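Go ahead and model the full structure; you've got the sequences and the hints to work with.
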Amino acid sequence: MSIDEREFFHQATVRICGSLEIEQAMMECFQYLKDFIPMDEMIMNHYDPDLFAVRCVARATAENAQKVNRIIPMPRYLKDDVVKREEGTQEVVVINRPDREPVRRLVWDALEVAHSSLLILHLCIGGVPLGGVTVRASGYDRYTGEHARLLALLHDPFAVAAANIHEHEEVLRLKDLLNDENRYLKNELRHVSGDTIIGAEFGLKHVMQMVRQAAPSDTPVLLLGETGVGKEVIANAIHYSSPRSDGPFIKVNCGAIPDALMDSELFGHEKGAFTGAVSKKRGRFERAHGGTIFLDEIGDLPMQAQIRLLRVLQQKEIERVGGTETISLNIRIIAATHRNLENMVTAGTFREDLWYRLSVFPIRIPPLRQRREDIPMLADHFLRRKSGELKLKTIPPLAPGAMDRLTACPWKGNVRELENVVERALLRYKNGPLLFDPEPCVSREETHGDGASGDGSIKLDDVIFKHIEGILNRTGGKINGSDGAADLLGVHPSTLRNRMKKLGIPYGRNR
Numbered sequence: 001m002s003i004d005e006r007e008f009f010h011q012a013t014v015r016i017c018g019s020l021e022i023e024q025a026m027m028e029c030f031q032y033l034k035d036f037i038p039m040d041e042m043i044m045n046h047y048d049p050d051l052f053a054v055r056c057v058a059r060a061t062a063e064n065a066q067k068v069n070r071i072i073p074m075p076r077y078l079k080d081d082v083v084k085r086e087e088g089t090q091e092v093v094v095i096n097r098p099d100r101e102p103v104r105r106l107v108w109d110a111l112e113v114a115h116s117s118l119l120i121l122h123l124c125i126g127g128v129p130l131g132g133v134t135v136r137a138s139g140y141d142r143y144t145g146e147h148a149r150l151l152a153l154l155h156d157p158f159a160v161a162a163a164n165i166h167e168h169e170e171v172l173r174l175k176d177l178l179n180d181e182n183r184y185l186k187n188e189l190r191h192v193s194g195d196t197i198i199g200a201e202f203g204l205k206h207v208m209q210m211v212r213q214a215a216p217s218d219t220p221v222l223l224l225g226e227t228g229v230g231k232e233v234i235a236n237a238i239h240y241s242s243p244r245s246d247g248p249f250i251k252v253n254c255g256a257i258p259d260a261l262m263d264s265e266l267f268g269h270e271k272g273a274f275t276g277a278v279s280k281k282r283g284r285f286e287r288a289h290g291g292t293i294f295l296d297e298i299g300d301l302p303m304q305a306q307i308r309l310l311r312v313l314q315q316k317e318i319e320r321v322g323g324t325e326t327i328s329l330n331i332r333i334i335a336a337t338h339r340n341l342e343n344m345v346t347a348g349t350f351r352e353d354l355w356y357r358l359s360v361f362p363i364r365i366p367p368l369r370q371r372r373e374d375i376p377m378l379a380d381h382f383l384r385r386k387s388g389e390l391k392l393k394t395i396p397p398l399a400p401g402a403m404d405r406l407t408a409c410p411w412k413g414n415v416r417e418l419e420n421v422v423e424r425a426l427l428r429y430k431n432g433p434l435l436f437d438p439e440p441c442v443s444r445e446e447t448h449g450d451g452a453s454g455d456g457s458i459k460l461d462d463v464i465f466k467h468i469e470g471i472l473n474r475t476g477g478k479i480n481g482s483d484g485a486a487d488l489l490g491v492h493p494s495t496l497r498n499r500m501k502k503l504g505i506p507y508g509r510n511r
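So that you can map any letter, position 211 of the sequence shown is 211 in our numbering, and since no number is skipped, the others follow by simple counting.
Warning: the hint list may mix true and false statements.
To be verified - Derived pair list, reagent style DMTMM-like, types lysine to aspartate or glutamate, alpha-carbon separation capped at 20 angstroms:
#, residue 1, residue 2
1, 393, 423
2, 205, 373
3, 205, 226
Said to hold, decoys possible - Okay, the calculated beta carbon distance ranges per label pair:
#, residue 1, residue 2, range
4, 361, 282, 24 to 34 angstroms
5, 433, 346, 43 to 53 angstroms
6, 11, 275, 46 to 56 angstroms
7, 361, 311, 17 to 27 angstroms
8, 139, 282, 52 to 62 angstroms
Just so you know, these hints were derived from the structure itself, not from any lab.
Source: prediction; values computed, not measured.
The C-beta atom is built at its ideal place from N, Cα and C for all residues, glycine as well.
This is how it looks when you write it as structure tokens:
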């Protein structure tokens with residue numbers, strides 16, 4: 001039979017390299033080659049030099065093709081012979097009958113191919129052995145030198161396909177590993193941040209009811225409340241209680257991104273879109289595809305970004321900076337702010353249409369002073385967590401009345417301030433009962449309210465004395481520096497010391 005070798009090579013190569021799915025490639029290749037080379041089965045092997053073994057990765061017959069994972073170990077005494085045979089050779093080995101030659105006999109027995117003839121094509125690239133392709137036909141003396149020559153023509157496409165399939169399988173393995181690590185890290189982050197919300201059954205009971213109502217849908221949620229009340233914690237609860245919990249949860253602090261970089265950070269950019277855009281970059285919205293994006297401090301968003309955000313809410317699509325391609329998104333938006341957005345709409349600094357889109361389901365989180373019943377639980381939670389972070393052997397016992405004093409504080413900084421007070425007390429802790437810094441418990445009315453000192457005096461010197469004492473307690477007696485008392489009071493350190501000396505307030509070592 002006359003064969004056009006160029007056409008044979010072309011058609012076989014198209015089938016061998018036509019798919020990264022090894023079963024499909026093997027099946028199509030088998031169906032084509034059986035018209036030129038007798039075969040009942042075709043097997044692809046991968047050579048593993050570390051294990052000094054051959055691994056069967058796929059088998060194809062006239063009926064089907066399938067992946068296999070069978071290891072054929074090689075005896076150590078055959079190592080030199082096998083390596084010599086594998087390295088640098090493209091020769092097709094013909095085995096028409098059982099052979100006393102040890103390597104051929106080993107292959108024959110391992111493949112369980114009694115009463116069959118074999119063609120074995122060794123594959124290598126750049127002298128590195130990859131494995132081989134074995135063709136089997138039932139019966140003895142089925143193969144000739146012409147069959148071996150035709151199979152040898154296909155060494156390069158078989159070698160490329162074997163290398164590509166091996167790399168593809170490695171990529172899939174690493175992808176599965178990455179997904180597994182990602183799930184593990186998400187669980188760890190949730191464990192660190194807390195799986196339960198302190199106060200869910202007490203001060204935040206109404207809030208958690210609204211969280212349960214909002215979680216199942218994709219409706220935008222607007223979280224309102226003072227700084228430090230835990231808006232990010234509530235956003236976490238909404239995301240991880242929703243059907244999107246397995247998707248990404250992307251957090252964006254709109255107030256921390258410079259206006260010039262806002263569009264690029266949120267929507268991404270194309271290469272060359274502006275000076276410094278040396279490569280294409282996905283924005284935060286694209287990264288949140290399939291999950292939730294949390295826009296904290298939405299009131300700090302510049303007007304231009306507000307316009308583009310409105311398009312995301314309306315059409316669920318974006319365009320990268322400098323790009324023309326429209327990118328569809330599947331995301332949920334949760335926004336948060338401590339500002340009064342209605343007043344900002346009236347002042348013209350926040351778009352009215354965006355306000356209506358975001359406030360479909362508003363949730364107002366009460367400040368800590370309005371849910372004092374949660375303070376003991378929060379303080380205990382922070383004591384345990386911070387003691388672990390600071391590697392304290394035991395959790396310090398509280399001084400008598402310490403918890404009552406915390407409960408009576410006004411907590412202008414809310415939960416975040418309480419956490420800082422607990423951590424500061426643990427950092428200063430030596431031994432004995434744990435005492436909390438009293439300064440946070442000095443209310444604004446005590447220092448600025450009616451101009452009177454704590455003992456009822458309305459003399460100016462008494463008011464100044466009390467105010468300076470409060471600031472010194474806050475700074476731990478520190479006067480100089482960016483966080484010193486002089487800086488907080490807006491006076492020169494020498495001026496403050498002179499005033500303290502006049503009022504009889506000790507400082508330095510005397511204090």
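Results for each hint:
At most 20 angstroms may separate the alpha-carbon atoms for a hinted pair to count; residue 393 and residue 423 meet this at roughly 15 angstroms. For a cut-off of 20 angstroms, the pair hint linking residue 205 to residue 373 stands: about 12 angstroms separates their Cα positions. As the CA atoms of residue 205 and residue 226 are separated by approximately 18 angstroms, the hinted pair is consistent with the 20 angstroms bound. For the pair residue 361 and residue 282, the beta carbons lie near 28 angstroms from each other, so the given range of 24 to 34 angstroms is met.
Roughly 52 angstroms separates the CB atoms of residue 433 and residue 346, a value that falls within the hinted 43 to 53 angstroms. Residue 11 and residue 275 have their C-beta atoms about 51 angstroms apart, which keeps the hinted 46 to 56 angstroms range intact. At about 20 angstroms, the CB distance of residue 361 to residue 311 agrees with the hint of 17 to 27 angstroms. Checked against the hint of 52 to 62 angstroms, the pair residue 139 and residue 282 passes, with Cβ atoms roughly 59 angstroms apart.
Hint violations for this structure: none, all hints satisfied.
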